[in-house]
Amino acid sequence: MKFSDETLLAYLEGNLDEAEASAIENAIETDPELEQRLMALDPFAPVVQSVFERVPTETPVVELPEPLTAEPVQPMGGGLRLLAVAASVGVIAVSATFWATRTQPMGWAEQAAIYQSLYVPDTIASLDSSPQALEAQFALAEEQLGRSLNRAELEALPGMELKRAQVLSFKGKPLVQVVFADEQGQPFAFCVIRQGEGAPSKDVKQAVLSGLATATWAQDGYGYMLIGNSDKTDLSGQLDFLTTSFAG
Amino acid sequence: MSNLSPRARSVNGKHTQVAIYSMHGEISSEQAVLGAIQTHSKRVWRFGLALSGASDVADDLLQSTCLRALERHHQVTSHERLDSWLMTICRSIWLNEVRSRSVRKAQALSVTPEAELVATGPDTETNIFAAEVFTQVMQLPEAQRETVMLVFVEGYSYREAAALLEVPIGTIMSRLSNARQKLKTVMQHEAADAVRRSGK
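One line per chain: the protein sequences are P and X, in this order.
Read in order, the letters of the first sequence correspond to residues 0 to 247 in numbering that gives the first Met the number 0.
Read in order, the letters of the second sequence correspond to residues 0 to 199 in numbering that gives the first Met the number 0.
Hint data in this document are derived by calculation from the structure and do not stem from the laboratory.
As the structure is a prediction and not an experimental result, all values here were calculated from the model.
It is possible that part of the hints are untrue.
[As the list claims (entries may be wrong)] Rough simulated footprint, nothing fancy, chain X against chain P, three-plus residues with beta-carbon under 8 Å:
id, segment
1, 34 to 40
2, 47 to 54
[As the list claims (entries may be wrong)] Cβ pair distances, simulated, as ranges:
id, chain 1, residue 1, chain 2, residue 2, range
3, P, ASP239, X, ASP55, 44 to 50 Å
4, X, ASP55, P, PHE240, 51 to 57 Å
5, P, SER128, X, HIS73, 29 to 35 Å
6, P, SER200, X, THR87, 43 to 49 Å
7, P, THR6, X, ARG67, 41 to 47 Å
The beta-carbon is built from N, C-alpha and C at its ideal position, and this holds for glycine as well.
So that you can see chain X by itself, here it is in the shape it has in the complex (with noise of 0.2 Å):
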């Protein structure tokens, strides 16, 4: 385990550093991947959403990627970017194993959002305005959905998608001008019925 990276952080700013979990080269590469698939399963499944465009196919991905994840908790070898890894997983396993057998479902892609997925706020011109663009994102082709979930949903660099999808970074950039063309008319009507709205 002597080649994991600590994760101390400063308690309070006060004392010394602690390590919270373990100290440095202790925490196992299994605690490790139990940590990451806590913090970052709501985004796992995002990104699952997002490859398959179904729910219940992206709760399955979820499952079956930290399953993966946990077996595979040796390769670790370093606790920064665990995210990235598990997304890695999840893309590798929806391709592989999943998507052939879901590509009848993704041609029919419900596309019309699960309302219970978007409707979430009081206000029901922000839900329907949500669930736009909700359905506008999930209509994407599956390559610039991805990408703009990586990037816009879940803040990776350019340079970081470009790595997790194994693109060029150029290629990244052209499937977000792309998405941002198709995303452009909903978000134009929102901006005309918010300045309606607010009666100016």
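Chain P on its own, in the form it takes in the complex (with noise of 0.2 Å):
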């Protein structure tokens, strides 16, 4: 049965005796589409939208536990740790209504140590790891980041094989993971965040994140980590080359 947008209409304004309305109701049981058209011509959903998507007007505040993939977290650089709070805009505030006590809103760097944590050996394995896959991947991430990712460098980072650059995001800021196999075939991991410009520059600051061993600094409104694949990764041959490399 066809309805017109009037009868819809009449309909929806409570103007239509049972037997009309039983038909509507009946028809849109089984046909979506009757059911956009109505949902489309309802003159009261956007007023009452309008009132209530400006409730609440702040965005509310949730008090997340720390994550129970996490290793407990060694303590980050406060700096850094600061950036990471200033760059949780509307995100998850810090509310202390409910929960007595406080726990640190997860930074940039946790997170991408979590994220991390769950590649295994067969994760990079099976990568298209073909200069054409890179050309676009390196070139896509150099577009969000603003910057170059010096390829040729990362290319020849001692005892690793460049596998893939994949564009990520932390809280709305691009961050890019630079994914490598070592000799064993296990996966090591460089990031760069831009975190914009007048972020402050922190030496290099190691720490064991989600059971693995990390490295962060920050210069010139670019955040950069090493992840290794184990909390015993030796990362120091990788970090003197990179910290030349990235040097600014």
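The two chains are supplied separately, each in an independent frame; assemble them into the complex guided by the hints.
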């Protein structure tokens, strides 16, 4: 049965008799298209929506526990942590309303480490690392970051085979993960996040995050992170190399 | 994690499909749930407000919902429609854990909306109208209130709302019809006022 817009509007305004109204309701049960038409004509929905969509005016506050997957987090540089907090615009704010004890919101380095901790050799074994694929990945990653990733230097990273550059995002900031395979085929990652001009520079800080050895530093509005494949990974060789390559 | 669907989207339509956040099969359900909490916290809070009628209970419901969702992240098999999943958790916490102790409060449901919840526009008359609509919606019976919130405010289709609230689609439509009848009065007022204001 076909219903005109006028009939549907009369239904919505409560001006149809019971039989006509039932006919529409019965038809809708099996006709999603009619349902969509009726919903689009509903004069009440936009009014109610315009009132409630501004409620609440502020993004509500949620206090989340530390992720279960994370190892006890070693202290990061205070500045970096503050930076990560500052970056979390409109995301998960902190409240003590219901929770007497505050936990620290996760920074990008902690998140990246959690993500990287899910990698196994199989994750990277099957990646398409052809020159064409890498070319496209780096072009996109560099565009998102607004800076060069020194691909030639990354390809020359001692003991590492370049596998992929992937664009991720942390709280709206472009985050690029460049993943390598070491000589045993174990995953190894170098991450770059654009933190914005004015972000403070930080010296290299090593920490074990999510069970992985990591090193973080920041310079000229970008944050950098190296992630090994265990808490024992020695990052010093790559670190020397990369801190020189990415010295601004 | 191989059963999880990718959330790939094209960036600037250039190059190739690139996953934001993760490539195929690698995003953890925990990350997906965290992302959903970040994206949908406002709507879960609003739904909590619609259920309970009180903003402090809404705060509490949102908090409990997020914690419960994270505890259950391993139940997530698809990253689609995590918003409905959060709403379902919120409602189940309300029905099973919070409602009985809030019900005394709810009977004296503070139907005078907290002014800061609605009075956000510069135009006083608009604010008065918004407050009236808010009050009317909050004065609806709980079943109509939750349905209005899901369909009118959050844009769920009738059948989605029916699935979420576990009622037949016909029940959704009759709840909405009843709600419209009650909202009609305030809206007709507003229409008349608008005509008067525009000087016609």
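Verification of the hints:
Check on the segment 34 to 40 of chain P: 3 of its residues sit with their Cβ under 8 Å from a Cβ of chain X, so the three-residue criterion for coverage holds. Check result for the segment 47 to 54 of chain P against chain X: holds, 8 residues qualifying (beta carbon to beta carbon below 8 Å, three or more required). Our hint of 44 to 50 Å for ASP239 (chain P) and ASP55 (chain X) is violated, since their Cβ atoms are close to 55 Å apart. Between ASP55 (chain X) and PHE240 (chain P) the CB atoms are about 55 Å apart, so this pair conforms to the stated range of 51 to 57 Å.
About 32 Å separates the C-beta atoms of SER128 (chain P) and HIS73 (chain X), a value consistent with the hinted range of 29 to 35 Å. Hint check: SER200 (chain P) to THR87 (chain X), Cβ distance near 46 Å, so the stated range 43 to 49 Å holds. At roughly 44 Å, the beta-carbon separation of THR6 (chain P) and ARG67 (chain X) lies within the given 41 to 47 Å, and the hint holds.
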